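> One-letter residues, chain by chain:
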Amino acid sequence: MNIGNLIMVVVGTGAMALFGIVAGLFYMGIDRVLVARMQARIGPPLRQPFIDMAKLMTKQNIVPANAIPWLFNAAPLVALASSISIMLYIPLGSFAPIFRGYGDLILIVYLLVIPALAMVVGGLASGSPYATIGAQREMVTMISYELPLATTIIAFAWKYAQLGLDNPFSLATVAATPIWSQVGPLGFVGCLLLLVTMILVTPGELGKIPFDTPEAETELAGGLLVEYSGRNLALFYLSLGVKAIVLTAVVVALFFPYNLSSYLAMSALPARLVDGAFFLVKIFVIMFFSVSLIRIAMARFRITQVVDVYWKYLGALSLVGLILVMVDSFIR
Amino acid sequence: MRLSQTLGKSLWTFLFNSGSCNGCEIEMVAAVTPRYDVERFGLKLVGSPRHADLLLITGPVTRKMAPRLKLVYEQMPDPKIVVCVGVCGISGGTFYDSYNLAGPVDQIIPVDVYVPGCPPRPEAIIHGVVTALAKLEQAEKVS
Ligand code: SF4
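Chains A and B, in that order, give the protein sequences. Using the working numbering, the first residue of the first sequence is number 14, and each one after it goes up by one. Using the working numbering, the first residue of the second sequence is number 476, and each one after it goes up by one.
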């Protein structure tokens, strides 16, 4: 890697971090306003999450006496840094990922675990029984949603390996050849099932209702985050916001990699802008269906129900999807 | 600790029941319903005192709750605001001669604003919170 490349990567990473944080907070605001409207309330201003973050930054940052200070302080940083680093592997609109040619789907699945693990470590390090229970629940939730998530990824990886493209696992390949164009009617149904699975895995990954059992404000007083305040809490919120963008961007890249500019004849720069805007819209649609709509319509699951939902129902759903995709490509 | 510009626009609130009859809670929860919708002002209910800026206390503080109230107050990060809701917390209210009282709220922790009523209306509670903010801003200016 030469110097020019290095500078590109550094600047790109900074830009990505900025984009992730701003977009994450922005979508948090949209979510809160939409939820309020659906409850016949007016709701907070759109920039409320930015105000919240600014406020949290000015608050006192307490490290509890029982906590392990370095671990307690490191966890939020690791969570934010790892969420941002996933962004470097994901194509946004028609912008190729910064680490193009390096990461693939499998890597993203592994990286997605790190922010959640950082929260678990932070919870365990804060030395509060509530946080400990929250951390245990978070781990159980992670194990639960991993099955449908992995099945979906396997379906994609298998399909693209089957097509005989080079670099079959990379997101760029998936983006270049949308899955819908590669499958017949059976596979189409299979892909729809996989899409439903991914949309229902998203709230689990993000710890949103009905899968917010690890945080459970009413019973665990905030669970994992119970002892966090001030700057550390703000970092965790930022990492959740970035993670929301990351996850929806993965769903978009897997299922809706279409770009507007390829349908309209446009020169390079406006095309990029239009694609960027279109990408934001796609993220909004995914976010609306997988976070806002589900969050407003449901109450919280118990932890046993979370495992049931993910392993039994969504596990079965994604397996059926996988089998349909496989059968489809055998009979074609 | 200095008050920030954003504090008033993003008050995260922790409800503390120090032995109330639950009448005051019902009115406070009414303030987050569509009719009053305090989330318009960025106010949000949180589950942990560590996340909170505003402590809303109801009830006359029973002997069992007194040390807990103190603990919760100390767990809140600075700057923090305390509003005592209901006549119980001001004077003991209906329970003024109970054998089980550790005293009204201000015997245990410092209170910024008292909201009288048994129970106070949601408007009164919202007004109390706004008054507390104004009071803090003034204290900031003077100092
Ligand atoms: S002030 Fe009245 S309504 Fe409120 S807790 Fe006391 S008795 Fe109940």
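Each hint should be verified, as a subset may be incorrect.
Stated by the list, open to error - Example chain A residues on the side facing chain B (calculated, C-beta under 10 angstroms, incomplete):
hint, residue
1, I55
2, D65
3, K68
4, N79
5, W83
6, L238
Claimed, not checked - EDC-like, lysine to aspartate or glutamate: derived pairs with alpha carbons at most 20 angstroms apart:
hint, chain 1, residue 1, chain 2, residue 2
7, B, K484, A, D44
8, B, K519, A, D117
9, B, K610, B, D572
Claimed, not checked - Restraint ranges, calculated between C-beta atoms of paired labels, are given here:
hint, chain 1, residue 1, chain 2, residue 2, range
10, A, G25, B, P542, 49 to 55 angstroms
11, A, V35, B, H602, 41 to 47 angstroms
12, B, R510, A, G140, 37 to 43 angstroms
13, A, A290, B, I501, 56 to 62 angstroms
Quick caveat, the hints were computed from the structure, so don't treat them as lab data. Treat the numbers as computed from the prediction; the structure is a model and nothing was measured. Cβ atoms here follow ideal geometry from the backbone N, Cα and C, with glycine treated the same way.
> All hints are to be evaluated individually against the structure, with a verdict given for each.
Evaluation of the provided hints:
1. I55: This hint holds: I55 of chain A lies near chain B, its Cβ roughly 5 angstroms from the closest one there, short of 10 angstroms.
2. D65: At 5 angstroms from the nearest chain B Cβ, D65 of chain A passes the 10 angstroms test, so the hint holds.
3. K68: holds (4 angstroms)
4. N79: Result: violated, 12 angstroms to nearest chain B Cβ.
5. W83: violated (19 angstroms)
6. L238: holds (7 angstroms)
7. B:K484 to A:D44: holds (18 angstroms)
8. B:K519 to A:D117: Answer violated: K519 of chain B to D117 of chain A is near 40 angstroms, above 20 angstroms.
9. B:K610 to B:D572: violated (32 angstroms)
10. A:G25 to B:P542: 49 to 55 angstroms: holds (54 angstroms)
11. A:V35 to B:H602: 41 to 47 angstroms: Since V35 of chain A and H602 of chain B have Cβ atoms about 35 angstroms apart, the given range 41 to 47 angstroms is violated.
12. B:R510 to A:G140: 37 to 43 angstroms: Holds - the Cβ-Cβ distance for R510 of chain B and G140 of chain A, about 41 angstroms, lies within 37 to 43 angstroms.
13. A:A290 to B:I501: 56 to 62 angstroms: With Cβ atoms ~46 angstroms apart, the hint is violated.
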